[in-house]
Amino acid sequence: MESFTLKGRGASKGVAEGEALLTHDAISFLSDISITEGIITSPQSRCKGQSVSGKILIFPTGRGSTADPYGFYMLKKAGKAPKAVINVDANPTTVAGAIISNTPMVYKLDRNPLDVIETGDHVLVDGNKGIVIITKKGRANDGRAS
Amino acid sequence: MKLTADEERMLAGESGPGVQRAIELLIAVGEAYEAEKLIDISSSHILSPEMQFWNTGQLSRWSRELVAESVEGATHFRVPVTINPIFLEPAIAERLGYPESYIEEMRQSLAFGRETYARLGVIPTYTCCPFYIHPLRQGEHSGGAESLVVLFNNSVLGVMVNRESGPTALATALTGKTPLYGMHLPENRYGRVLVELKDDLDPGAFTYADYNALSYGVGKMVVDKIPVFLGLPQNMSITQLKYLCAPLGVSAGIPMFHAVGITPEAPTVEAALGGGKPEMSIEVGRKEINQVFEELCSATELKIDYVFLGCPHVTIPEMKEIATLLQGKKIKSGLLLVVGITEPLRLLAREMGLVDIIENSGGMVVSGMCSAGSFLRRGVPEGFHVGVVATNAAKAAHYLKAGGVQVWFGTMPECINAAVTGKWEAA
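Chains as they are written, first to last, in the working numbering: chain G, 1 to 146; chain C, 1 to 427.
In case anyone wonders, no lab produced these hints; they're calculated from the structure. Be aware that a few hints might be false.
The list that follows gives simulated cross-link-like pairs (lysine-lysine, DSS-like), each with its CA atoms no further than 25 Å apart [unchecked claim]: (1) C/Lys37 - G/Lys13; (2) C/Lys2 - G/Lys129; (3) C/Lys401 - G/Lys48; (4) C/Lys332 - C/Lys287.
Derived coverage of chain G by chain C (criterion: at least 3 residues anywhere in the stretch with Cβ under 8 Å from a Cβ of chain C; other residues may be distant) [what the hints assert, rightly or not]: (5) 60-68; (6) 84-94.
Using N, Cα and C, we set each Cβ at its ideal position, and we do this for glycine too.
Go ahead and model the full structure; you've got the sequences and the hints to work with.
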């Protein structure tokens, strides 16, 4: 049960945990994800076809514009939103989307999450404290971070 | 972030949960940009998800829920607030034969929005050109969204405003505040890329479509760096300037450009660059402009179904030009010609007899509707398609093409000619 903690800044409050889905592509919630299905649709994404629903979604930063936060909100309403979001740097449209969707979000962590988290790891995101607790996949005995 | 006593009260919920959520949102966005504080704004420009993006179905209902939550307990906007156009005018949906139940749903979503924002005291401009009605001065701090409004305010008027998102724009209207970052700080407003026009271009003879193409093409080249245009005519009209602004909003992510001799902060190229050196220089000639014309035309069929002028909304001089081109002519039967405008200008144009000329020829002058968004795939009912569109607006052409619509991009006379003959016959 190897777990470790990253410290950063909370952009949107709340606590959630689940399985990591990591992508190295910047994301627009309105144009890269089907907002009613929660599936990554962007043709250039290596995660095309994967579902963000119920995942801890980790990506470098947002690339959204004016209406992007609405896309995040629609995903949440459709029950297809990620449980939490971790970014390297926060784009304000992602911050706004996370807040109006009541989804925890942290960013500016003390280590690059893209280097130390892998898809499938168990991740707890605490948006109140701005911390992330990672349990590497295959090592957690009960699926919970400890 | 340091907050004033007034801001602390909003954060404590003393003005209700909507204002509380609004200021929380602005603080969080400000912190992402390391803003040290919020500042007072003198105005804002909002857009509405339930009127501009999702008029029907579940997405419209969710949009209305979001707006209702966002304004919960709020009694008024704290500054003068203008608003962007709606998605599609029900009268046009009727002309296109959309199902009655679909149109009824549109009407309900629009009625919800109109009532909600009216109660809060919105100036019901329903236009992407609020500067025709509520112009701002150099140095004013403003809030809001809509890339054209942001580009025009920063670049033509010298207003200080960021490219915000829909929800944060509403939050600025509810609080009268915005975080101090980006375009509100003079050091972030300097140009970084020089744009020179080659000798084979004569900007004095540019059509509106040429300005559109110049803007669209330069946006693709600069991506996120503020350009400095050299050699544009000092006497550029507001109509020409709005066409220089709008396409940059979709081909680039920038909030501002400098046009030397036109932008208030750019009397000279040195002032535009803030005394620094440009990161790069680009040259634009006839070849580059022609490439944009080709790129924006996605149509293969020459038969035209729909002609749209007024992205951004037309000015009175444009109304005159359109009426002159249409005088004594009839639009091809079955074809729709729509001129997009804001209501106060439509009233003036009617008084001038210009609306009658367009209507007598079979065209429609529609106020308060967004042409750029009207026929994206998400806004057309199952089983309907708009057909082949002609427009002189690069922004509209960009969105239509991206939405899989067949579009021809050309000059205003070419578009009017297409409306009369029903065929695209570009020179």
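Consistency of the hints with the structure:
1. C/Lys37 - G/Lys13: The hint holds at about 20 Å.
2. C/Lys2 - G/Lys129: holds, 19 Å
3. C/Lys401 - G/Lys48: holds, 23 Å
4. C/Lys332 - C/Lys287: violated, 33 Å
5. 60-68: holds (count 5)
6. 84-94: holds (count 4)
Comparing the model with each earlier hint shows a violation of hint 4 alone; every other hint is respected.
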